[in-house]
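A.B. asks: Just so you know, the protein sequences line up as chains A and B, in that order. Take the first sequence: its letters are residues 18 to 281, numbered as in my numbering. Take the second sequence: its letters are residues 8 to 423, numbered as in my numbering.
I should point out that these hints are in silico values taken from the structure, not numbers from a laboratory. A virtual CB, placed ideally from N, CA and C, is assigned to each residue, including glycine. A couple of the hints might just be wrong.
Per label pair, the in silico range of CB-to-CB distance [said to hold, decoys possible]:
| # | chain 1 | residue 1 | chain 2 | residue 2 | range |
| --- | --- | --- | --- | --- | --- |
| 1 | A | P274 | B | I405 | 50 to 58 Å |
| 2 | B | Q56 | A | R137 | 47 to 55 Å |
| 3 | A | T49 | B | R421 | 20 to 28 Å |
So the derived list for chain B, only partly shown, Cβ under 10 Å to chain A, looks like this [to be verified]:
| # | residue |
| --- | --- |
| 4 | D11 |
| 5 | R21 |
| 6 | A339 |
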Amino acid sequence: MIEATVQSNRQATGLKNGKATPMPVIDVQDVTKIYKMGDIEVPALRGVTLQIYPGELVAIMGPSGSGKSTLMNILGCLDQPTSGTYKLDGVDVEKLNDNQLAEIRNRKIGFVFQSFNLLRRTSAIDNVEQPLIYAGVKARERHERARAALESVGLGNRLKHHSNELSGGQQQRVAIARALVTNPAIILADEPTGNLDSKSGAEIMCIFQRLNMEQGNTVIFVTHDPRIAAHTRRIIRISDGRIVGDEPVDDPVIACPDEPLPVM
Amino acid sequence: MNMDVVEAVKLALRTLGANRLRAFLTMIGISIGIGAVIALLAIGSGVQQYINDQFTSSGTNLLGIVPGRIQRGPGGGQNTFAPSSFLTMGDYRAVVAGTSNVEAHAADFTSVGNFAYESRTSQVQVSGVTPSFSRVRNWRAISGRFVEEADNNSRARVVVLGQTVVNDLFPEEDPLGKQVKINGLPFRVIGVMESKGSSFLGDQDAIAFVPLSTAQERLFQRQAQARTGERVLSTIYLQATSDAARPQIEATARDILRERHRLGPDDADDFSIISQTELLNTFGAVTSVLTLFLGAIAAISLLVGGIGIMNIMLVSVTERTREIGLRKAIGATPAAILGQFLIEAIVLSFIGGVFGIVLGVGIAFGVTRFVDFSAIVQPGAIILAVGFSVAVGLFFGIYPARRASKLNPIDALRFE
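Kindly generate the complete structure, drawing on both the sequences and the hints.
C.D. replies: Laid out in structure tokens, this is it:
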């Protein structure tokens with residue numbers, strides 16, 4: 018059943034699954050971010066240049082205070098750089114107003130948070146439908162796409178469960194489905210396993226790896242956890258507002274067990 | 008890009024449904040406000056209709072002349088008796104003789120009498136009347152008969168009882184033919200009046216009728232006598248043949264009475280001529296003012312309800328900061344967030360308003376079950392109430408909704 022869903026999704030995202038296009042999906046040029054605390058200026062990013070190409074599985078690593086959260090906020094179009102340029106999927110982001118940013122977030126970015134951030138007292142499928150509501154998708158199509166997204170993360174038979182009836186791992190799967198459902202250019206995952214036990218964490222990483230490998234989704238982790246970074250194929254290290262390392266991972270850890278992901 | 012209204016309403020209903028108790032308690036404020044407005048407007052309309060009916064039921068094209076001057080102020084009529092003003096039998100005869108187009112006329116002298124039958128007593132109004140009183144006031148005896156000319160000529164000690172008096176004195180008997188004592192004098196009951204019910208004037212059935220001459224010369228000898236020794240009257244009734252004839256009759260009667268009372272050109276009238284139309288207008292003005300005033304008081308509770316909505320929406324915005332952050336992250340525009348919270352507030356107050364209408368209509372009809380008139384719920388009042396409740400939600404929802412829409416998504420997502 019999962020295989021079938023994956024197959025159809027692959028067709029839907031066939032463009033991304035093709036050969037890596039020369040255009041980066043994320044193109045950051047000399048971006049700085051300075052926070053003003055009263056009269057004091059606190060630089061969080063001191064000139065970051067970075068490209069990420071479609072289909073990559075990347076970890077942005079750094080200790081707290083390194084500027085990685087600031088970078089994630091800028092990559093996620095939740096914040097705008099003080100200087101420099103940021104092109105997301107070919108769109109110049111730094112000139113956009115609040116409404117245009119909301120639209121970019123809706124169409125091009127899927128967020129996965131450490132604390133899941135599901136709507137309380139709301140069923141899994143309703144949670145997944147939320148971004149499509151803002152995208153103006155009609156109810157029937159919304160429902161179908163949300164169901165497909167939930168099936169692709171192995172929650173096909175938990176559609177009507179409310180978030181408080183799901184385990185942490187299941188909740189994070191719902192969140193991943195919500196991130197996927199709009200077919201975004203990138204998935205931004207902020208410490209996605211931080212609130213999970215190691216077994217659930219491994220399942221979540223497995224899902225991300227499958228999405229990346231089988232469907233060609235671009236996934237960017239923001240983390241301080243080397244074990245997560247070890248599952249990716251490229252690690253970008255950031256410290257003190259600068260990129261201090263950017264190397265491929267030769268032998269990524271495969272989170273998925275040999276047998277297929279259990280359907281829940 | 009933006010959520011459509013149907014989605015927003017569904018979302019609002021789901022959000023409110025998730026916190027039913029709170030939503031309910033907030034709605035109560037609006038329901039009470041709207042309910043109070045609806046109930047008071049309905050009762051007010053009922054009263055007005057009732058007054059209208061009362062006046063038309065007590066005879067049409069009727070003029071009443073009473074001693075003293077009724078001064079009109081913004082609040083309605085006030086009776087100020089000039090100390091020596093009387094209407095006498097002579098006045099009555101002169102007015103009747105001097106006016107034309109009068110279809111019927113009557114006169115009464117009214118005071119209070121102590122009734123006794125066996126061990127029961129009752130103190131009610133006693134009117135000495137001419138036989139035509141029944142006709143001009145459109146009020147008949149349902150059993151026995153009313154006062155007749157012969158009774159008047161012979162100063163007969165006969166009485167026609169109002170329904171309340173019958174209930175007081177003859178709970179289990181037929182009063183016809185029985186002897187009652189009024190102020191100690193024996194009277195024979197010759198009739199029972201049809202019930203008029205109670206009105207804004209009080210219980211209209213707490214009355215008994217005796218012949219005018221009997222009242223003036225036997226029952227209330229001292230009260231019913233002017234210093235000149237003439238018999239006096241409480242009211243002279245003139246029934247015009249048509250509404251158009253009324254002003255002329257009024258003017259003629261005024262001239263006759265002013266002359267008879269020897270009033271100079273600068274003196275004010277020492278009597279008052281009241282027409283139904285005038286009374287109707289006066290009472291109408293009073294009830295309108297009263298209804299408006301009560302409605303305004305009720306509207307204050309609506310204001311309080313609105314502040315309750317604002318309060319709960321502000322709490323809700325703070326509580327749901329993370330939700331707002333998340334919604335912004337997944338693509339909600341500021342306008343979509345504003346719309347979501349605004350519609351939530353409007354849905355809340357709208358439902359409250361609908362409950363309020365049910366409550367108000369219930370109260371209005373519940374209260375009027377115990378009185379003689381029924382409440383009138385006008386469609387306009389309902390439309391007004393619904394519109395008002397939506398407006399309250401809109402007005403008091405805007406500030407919290409704006410706050411929600413302006414939240415920075417980064418801070419909102421980090422909010423614990």
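A.B. asks: Each hint needs a verdict: does it hold in this structure or not?
C.D. replies: Structure-based check of all given hints:
1. A:P274 - B:I405: 50 to 58 Å: Cβ of A:P274 to Cβ of B:I405: about 54 Å, so the range 50 to 58 Å holds.
2. B:Q56 - A:R137: 47 to 55 Å: Holds: the Cβ-Cβ distance is about 52 Å, inside 47 to 55 Å.
3. A:T49 - B:R421: 20 to 28 Å: Given range 20 to 28 Å: holds, Cβ gap about 22 Å.
4. D11: holds, 7 Å
5. R21: holds, 7 Å
6. A339: holds, 5 Å
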